[in-house]
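**Q** Could you use the hints to bring the two separately framed chains together as a complex?
Quick mapping for you: the protein sequence lines, in order, are chains A and B. Note that numbering that gives the first Met the number 0 numbers the first sequence so that position 330 is 329, with each residue one more than the last. Note that numbering that gives the first Met the number 0 numbers the second sequence so that position 52 is 51, with each residue one more than the last.
Just so you know, these hints were derived from the structure itself, not from any lab. Here a beta-carbon is modelled for each residue, glycine too, at the ideal position from N, C-alpha and C. A few of these clues could be false.
Part of the chain B face toward chain A, derived, beta carbon under 8 Å [unchecked claim]:
| id | residue |
| --- | --- |
| 1 | Gly58 |
| 2 | Glu73 |
| 3 | Ala76 |
| 4 | Leu98 |
| 5 | Phe137 |
| 6 | Gly145 |
| 7 | Gly148 |
| 8 | Gly175 |
When the alpha-carbon atoms are kept at most 20 Å apart in a straight line, the in silico SDA-like pairs for lysine to any residue are as follows [unchecked claim]:
| id | chain 1 | residue 1 | chain 2 | residue 2 |
| --- | --- | --- | --- | --- |
| 9 | B | Lys14 | B | Glu28 |
| 10 | A | Lys338 | A | Leu349 |
| 11 | B | Lys14 | A | Ser397 |
| 12 | B | Lys108 | A | Asp394 |
| 13 | B | Lys14 | A | Pro432 |
| 14 | B | Lys108 | A | Pro432 |
| 15 | B | Lys108 | A | Leu349 |
| 16 | B | Lys14 | B | Asn36 |
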Amino acid sequence: MSPGPNPDYCEHFNALGEQLPGAGSTWVNNARRMALAQFDQQGFPSPRDEDWRYTNVSAIEKKRFKPLIPPGDAAADAGWLKRYRLNDAWSLVFVDGHFSARLSDVDDVPEGVTVQAMSAALANPPAAVEAEFGRVVGQTSHHGFVSFNTAFFTDGVLLHVPADTVLSRPVQIIHIASEPEAATNLRNLVILESGAQAALVETHLSMESAGSLAVSITEAVIRERAQLDGYLLHGASERAFRFGGFYVDVGTAGHFNHTNLSLGGLLVRNEIHVDLAESGQCALDGLFVGQGRRHVDSHTRVRHRGAHGTSRENYRGVLSDRSRGVFQGRIVVEPQAQKTDAQMNNRNLLLSDEAEIDTKPQLEIHADDVKCAHGVAVGQLDPESIFYLESRGVDPVSARNMLTFAFANTLVDGISLAGFRDIAQDALLALFPEAGIRKDWL
Amino acid sequence: MMLDIENLHARVEDKPILQGIDLQVSPGEVHAIMGPNGSGKSTLSHVLAGRSGYEVTSGTVTYRGQNLLDMAPEERAREGVFLAFQYPVEIPGVSNIYLLKAALNAQRKHRGESEVDAMDFLRLVKEKIRSLDLDEQFLYRGVNEGFSGGEKKRNEILQMAILEPRLCILDETDSGLDIDALKVVADGVNALRTAERSFILVTHYQRLLDYIKPDFVHVLAQGRIVKSGDASLALELEKKGYGWIEQEMAAVA
Chain A
0 MSPGPNPDYC
10 EHFNALGEQL
20 PGAGSTWVNN
30 ARRMALAQFD
40 QQGFPSPRDE
50 DWRYTNVSAI
60 EKKRFKPLIP
70 PGDAAADAGW
80 LKRYRLNDAW
90 SLVFVDGHFS
100 ARLSDVDDVP
110 EGVTVQAMSA
120 ALANPPAAVE
130 AEFGRVVGQT
140 SHHGFVSFNT
150 AFFTDGVLLH
160 VPADTVLSRP
170 VQIIHIASEP
180 EAATNLRNLV
190 ILESGAQAAL
200 VETHLSMESA
210 GSLAVSITEA
220 VIRERAQLDG
230 YLLHGASERA
240 FRFGGFYVDV
250 GTAGHFNHTN
260 LSLGGLLVRN
270 EIHVDLAESG
280 QCALDGLFVG
290 QGRRHVDSHT
300 RVRHRGAHGT
310 SRENYRGVLS
320 DRSRGVFQGR
330 IVVEPQAQKT
340 DAQMNNRNLL
350 LSDEAEIDTK
360 PQLEIHADDV
370 KCAHGVAVGQ
380 LDPESIFYLE
390 SRGVDPVSAR
400 NMLTFAFANT
410 LVDGISLAGF
420 RDIAQDALLA
430 LFPEAGIRKD
440 WL
Chain B
0 MMLDIENLHA
10 RVEDKPILQG
20 IDLQVSPGEV
30 HAIMGPNGSG
40 KSTLSHVLAG
50 RSGYEVTSGT
60 VTYRGQNLLD
70 MAPEERAREG
80 VFLAFQYPVE
90 IPGVSNIYLL
100 KAALNAQRKH
110 RGESEVDAMD
120 FLRLVKEKIR
130 SLDLDEQFLY
140 RGVNEGFSGG
150 EKKRNEILQM
160 AILEPRLCIL
170 DETDSGLDID
180 ALKVVADGVN
190 ALRTAERSFI
200 LVTHYQRLLD
210 YIKPDFVHVL
220 AQGRIVKSGD
230 ASLALELEKK
240 GYGWIEQEMA
250 AVA
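In isolation and in its complexed conformation, chain B is listed as follows (with noise of 0.2 Å):
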C-alpha cells in the first residue's frame, strides 16, 4: 500500500475540518479529490505535507509502513510525497535551478547518495524544462518570481519531473489555468505515471480530469468522504453539481 489513510480528523484552530477520512492509495493509482469550496479538500493535501497549523485529533496516516503523521516536512518531502501547491511561493534571490538542485541533493544525500554531478544536472533540467514548453532562462530567475499562473504551476510539475516522487499530491493544480496551460500540466502529469507512483489529483472542477484519468474519484463534503467511484463519477457531478451530493446527504440523515 502507499498510503493508508484511517479515520481521519483534523482541525484548524478550534474548527474541525476534517471529519474521518478514510482513504487507501496502492501503487500507480490515481485518485481525484473533489468537493465544493470548505470541503476540508486542501486541508487534506497540507496535512499530508506536513504542514504546520493543523492538528490531527484522531486516525492515522501510514505511507509505505510508516507513520506519516510522525515525519517533519522535510523528511516527507525525502521519502517522496511531493505536494504542487495551490499558491506556489515566489522567492527572489534564490533561483529557480537553485532550489531544484538543493532539492534534489536533499533527497539523495537522504538516500546515502552523493550530489549530482553538475552536467548531468543540467541536462537532466533542459531536458525536463523542454518538455514543459519553457524557456531556459526560466530556470535563472528567482523562484517563481514574477511568473504567470501558469508558468507558475508548470515550476511545480517541473520539480516534480526532477524530484520523482511516489506519491504525487496535486492541489487545485488546474485552478487559474487556460486550457493549453491546462494541456502542458496534464502531459507533464501524465508523463511521470508508471505502474509504482501514485497520484491524489485535488479538483474543484472536472476539466483536469479530461485529460489526466484518473483510476477512483472521491467526493468529499464537509470534511469525509461521503462518494466514491470510477471516472465516470466526475462527469456526473459536472453534470449535476455538488448540490445533488448534498441532497443525498441529506436524505441519508
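Pulled out of the complex, with its shape left as it was, chain A reads as follows (with noise of 0.2 Å):
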C-alpha cells in the first residue's frame, strides 16, 4: 500500500526548482520530475517490502525532513574536520549538502581526469554523464529513498577517470549534517574507464545537534580492468538518520572492493549492490556497530552475471544496550555465470539481552557449476578469553571492552589505505573508551 502522495515533498520541490542543479538541463530536469512522481507514488519503503522487513523508517516518513538549499557552510570548522579528512587525497567537503569550495581541494588533478562537485559538472554536463545518471541504480534499486535523492540532490561529486590512469592519490567526499529537520541529498556518479584505478572515500558525519536526514547515493561504472576501492565511514550523531546507497557495475575483469564502517546515527541503511561481468572481482567488509538505541542495517547484494566471478564479504556487527543490527547479504549467480566462486560471512557480537541482530543470508543460485558459501554466527563475549585478560591483571570492564573493541577492529585492522585506517581506528576507539586502549598501541 502507498502512503499517498507527499503535497510537502512536491511543495518543496517547486520552491526549490531553478535552484538545484542541473535546472538548465532537460534531462536532468526530467529525470529530477520522473523521480519525484515515482516519489510521490511510492513514499518511503514499508516494511511489507521484503527488503525492508526489520527496518522500519517510518519515523523518517513521519518527520517530514525539509530538503533545503543550505544556507552555507559556517557550521563546519575546519578544526573538526582535521579529525577526518586525509592527509594525502583531493578533498570535497559538503556541508548540508552543499559543496563548499574553501573547505575543499581539488587542486592539481591531472589532465584528463575530473574531480568535480556534481552542481558544478552539471550546469555543463558531459555526454557521459548524461549516458550514466541513474543507470546503475536502476537495474538493482527502486525503492523511496533513490526516487526522493534523484528529485532532491543538491550536490554530489564527479569522479571520472580516463582509460589506464591510475590515481595517485584518494578522492575523498566529506559530508557534515549541520541543520536540524533537514533532508540533505548528495548524488555521486563515479566512472573508471578500462584499466582505471581510483580510491574513493566517503566519510559521513553530523553536529551533535542535527538530527536530520542525509541520503547519499553513489553510482560507480567501473568498466574492462578498472579497479575502484571504496570507503564508507559514517560517524553521524545519535540524532542522525541516514540512507546510503552504492550502486556498483563492474565490467569484464574489474576489481571493486568496499569498507563499510557504520559507527554512527540513529537509524541507518546502508545498501551496497554490485554487478559483476565475466571474472569481475568484488569484496566488501563491513562493520557496523549498535549503542543505545541505534538501528543499523546493512544490505548488500552480489549479482554474478558473467562467468569466473569471485565475490568475499565480510560483515561484522557490534551490538550492545538495546540497538538493533540487520546484516540484508544476497548472492545471485545467473545461469551464465559458471564457475562463480563466491562466499559471504556475518559474525556478530551481541553484548546485552536487549540488543537484536537479524542476519539473513541468501544465495540464489542458477548455474551449476559454482562454489558458493556463506556462514553466519551470533555470539557473546568468550568467558575464556575474559579470564585470561582477568588472569594478566586487567579488570573485568576493561577486559570486556578490550575483547569487544578487538573484535571490531580485526576488520579495521585490514584496511589498506593507511590514512583511512588511521581515521577509522580514531573512530572507533572513540566508541570504546573503556576498553582503555590507547592508538600508539595498536
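**A** If you want it as C-alpha cells, here you go:
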C-alpha cells in the first residue's frame, strides 16, 4: 500500500526548482520530475517490502525532513574537520549537501581526470554523465530513497578517470550535516574507464545536535580491468538518520573493493549492490556498531552475471544496549555465471539481552558449476578470553571492552589505505573509551 | 610462606574434583604436580588463578598471608600470581605488545607506581623476546593469533618474564611441544628462578622435569596428593607409570 502523496515534498520541489543543480538541463529536469512523481507514488519504503522487513523507516516518513538549499558552510569548522580529513587526498567537503569550495582541495588533478562537484558538472553536463546517470541504480534499486534522492539532490561528486590512468591519491568526500530537521541529498557518479584505478573515501558526519536525514547515493561504473576501492565511514551523531546506497557495475575483469564502517547515527541503512561481469571481482567488508538505541542495517547484494567471477563478503556487527542490527546479504548467480566463487560471512557480537540482530544471508544460484558458501555466527564474548585477560591483571570491564574492540578492530586493521585506517581506528576507539586502549600501542 | 593450601575441596557443578589438597610452597621452591588425566591437576591451577565455574566447598588457600580465595582473578595477578595456560587464548585485534603493556601497567598501578616509560618498556620486551628465540614481529601480531603451539607457550613465558610474578603456575606447559621448544621454554623458566620466586609445575609427563629440576614432586590422584618426594619420584613415576600409585592406594584402602 502506498502511504499516499507527499504534498509537502511537491511543494518543496516547486520552491527549490531553479536552484537545484542541472536546472538548465532538460534531461536532468526530466529525471528529477520523473523521480518526484515516483516518490509521490511510493513514499519511503515500508516493512511490507521484503527488502525492508527488518528496518522500519516510518519515523523518517513522519518527521517530514525538509529538503533545502543550505545557507552555507559556516557550521563546518576546519579544525574539527581535520580529524576526518585524509592527509594526501583530493577532498570535496559538503555541508548540508552543499559544496564548500573553501573547505575542499581539488588542486592539481591530472589532465583528463574529472574530480568535480556535481553542481558544477551539471552546469554543463558532459555526455558521459548523461549516459550513465541513474543507469546503475536503475538496474537494482527502485525504492523511495532512490527517487527522493534523484528528485532532490543538491550536490555530490563526479569522478571520471580516463582509460589506464591510476589516480595517485584517493578522492575523499566529506559530508557534514548541521541543520536540524533537514533532508540532505548527495548524488555521486564514478566512472572508471578501462584499466583505470581509483580510491574513493566517503566520510559522513554530523554535528552533535543535528537530527537530520542524510541520503547519499553513489553510482559507480567500473569498466574492463578497472579497479575502484571504496571506503565509507559513517560517524554521525546519535540523532541522525541516514540512507546510503552504493551501486556498482563492474565490467569484465574489473575489481571493486569496499569497506563499510557504520559507527554512528540513530537509524541507518546502507545498501551496497554490485553487478559483476565475467571474471569480475569484489570484496565487501563491513563493520556496524550499535549502541544505545541505534538501528543499523547493512544490505548487500552481489549479482554474478558473468562466468569466473569472485566475490568475498565479510561483515561484522557489534550490538550493545538496546541497539538493533540487520545484515541482509544476497548473492545471485545468473545461469551464465559458471565457475563463480562466492563467499559471504557475517559474525555478530551481542553484548546485551536487549540488543538484537537479524541476519539473513541468501544464495540464489541458477548455475550448476559454482562454489558458493555463506556463514553466519551470533555470539557473546568468550568467558575463557575474559578470564585470560583478568589473569594478566586486567579488570573485567576493561577486559570486556578490550575484547569487543578487538572483534571490531580486526576488520579495521585489515584496511589497506593507511590514512583511512588511521581515521577509522580513532573513530572506533572513541566508541570504546573503557577499553583503555591507546592508539600508539595498536 | 608463599602459598599454604589446607584441606582444599572444590567441585565443578555437582562433581567433586579436589578432595582435600594440602600443599605448602616456600619462596624459591619449585614444586611439580604430577598425576594421571582427571586427577584434578588443571582444576587446582585454575582454582588458584580464580577462574569461575569452580566452587570451593571447604579448605583454605593463603597466599603471602592473604586469603587468596577472596581475591578477584585480576587482583591475584596484580599481587604476583601468574598462570601460564595450557591452552592460551587467541585474541585477534589486540596486539601482543599491547596486552603485555596493559598487564604490566595494571600491576604497576596496583603497586602505586606510574605507567611504564614507552622506551624502557620496548627495551625490556625486546631483550626478553630475544632470549625466548621469538621474532620481534611476533609482538605486533594479535595475541596468540595464528601462533603455533610452541609459540603460544613461549608467549606465556614471555608474559611471565615481563610481569615478574612471585608465584608462577605452569599448567601443562610442556604439552604439545617438541623437544627444541621444550628446551626454550625450560630455559625461559630457569632464567626466572630466584631465591624469592616460587613455581608450581603441573604436568602429566616427567620430561619437562629433565630440564626444570623440581625441589618437590607431588602425585595427585582422585583429587588428593597421595605421594610426595624429591625429583627422583618423578623418575620412578616415569618408569612405573601411574598404575603403581593407584595400586598402592588400593592396598592402603
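**Q** Each hint needs a verdict: does it hold in this structure or not?
**A** Against the structure, the hints:
1. Given the 8 Å rule on beta carbons, the hint for B:Gly58 is violated: about 21 Å separates it from the nearest Cβ of chain A.
2. Using the Cβ-Cβ criterion of 8 Å, the hint placing B:Glu73 at the interface with chain A is satisfied: the shortest such distance is roughly 5 Å.
3. Because the smallest distance between the Cβ of B:Ala76 and any Cβ of chain A comes to about 4 Å, under 8 Å, the interface hint for this residue holds.
4. Proximity of B:Leu98 to chain A holds as hinted, the smallest CB-CB distance being about 7 Å (cut-off 8 Å).
5. A least Cβ separation of about 15 Å between B:Phe137 and chain A goes past the 8 Å threshold, and the interface hint is therefore violated.
6. Contact between B:Gly145 and chain A, as hinted, is not supported at the beta carbon level, the nearest pair being about 12 Å apart and thus beyond 8 Å.
7. Checking B:Gly148 against chain A by beta carbon gives a least distance of about 16 Å; that is not within 8 Å, so the hint is violated.
8. Evaluation of the B:Gly175 hint against chain A yields a violated restraint, the C-beta minimum of about 17 Å exceeding 8 Å.
9. At most 20 Å may separate the alpha-carbon atoms for a hinted pair to count; B:Lys14 and B:Glu28 exceed this at roughly 32 Å.
10. About 36 Å separates the Cα atoms of A:Lys338 and A:Leu349, which puts this hinted pair outside 20 Å; it is violated.
11. Straight-line distance between C-alpha atoms of B:Lys14 and A:Ser397 comes to about 32 Å, which puts the hinted pair past the 20 Å bound.
12. A distance of roughly 12 Å separates the Cα atoms of B:Lys108 and A:Asp394; the hinted pair therefore holds under the 20 Å criterion.
13. At most 20 Å may separate the alpha-carbon atoms for a hinted pair to count; B:Lys14 and A:Pro432 exceed this at roughly 41 Å.
14. Using a Cα cut-off of 20 Å, the hinted pair B:Lys108 and A:Pro432 holds, with the two alpha carbons roughly 19 Å apart.
15. Proximity of B:Lys108 to A:Leu349 is assessed by CA-CA distance (about 31 Å); at most 20 Å being required, the pair is judged violated.
16. At most 20 Å may separate the alpha-carbon atoms for a hinted pair to count; B:Lys14 and B:Asn36 meet this at roughly 16 Å.
Hint violations for this structure: numbers 1, 5, 6, 7, 8, 9, 10, 11, 13 and 15, all remaining hints satisfied.
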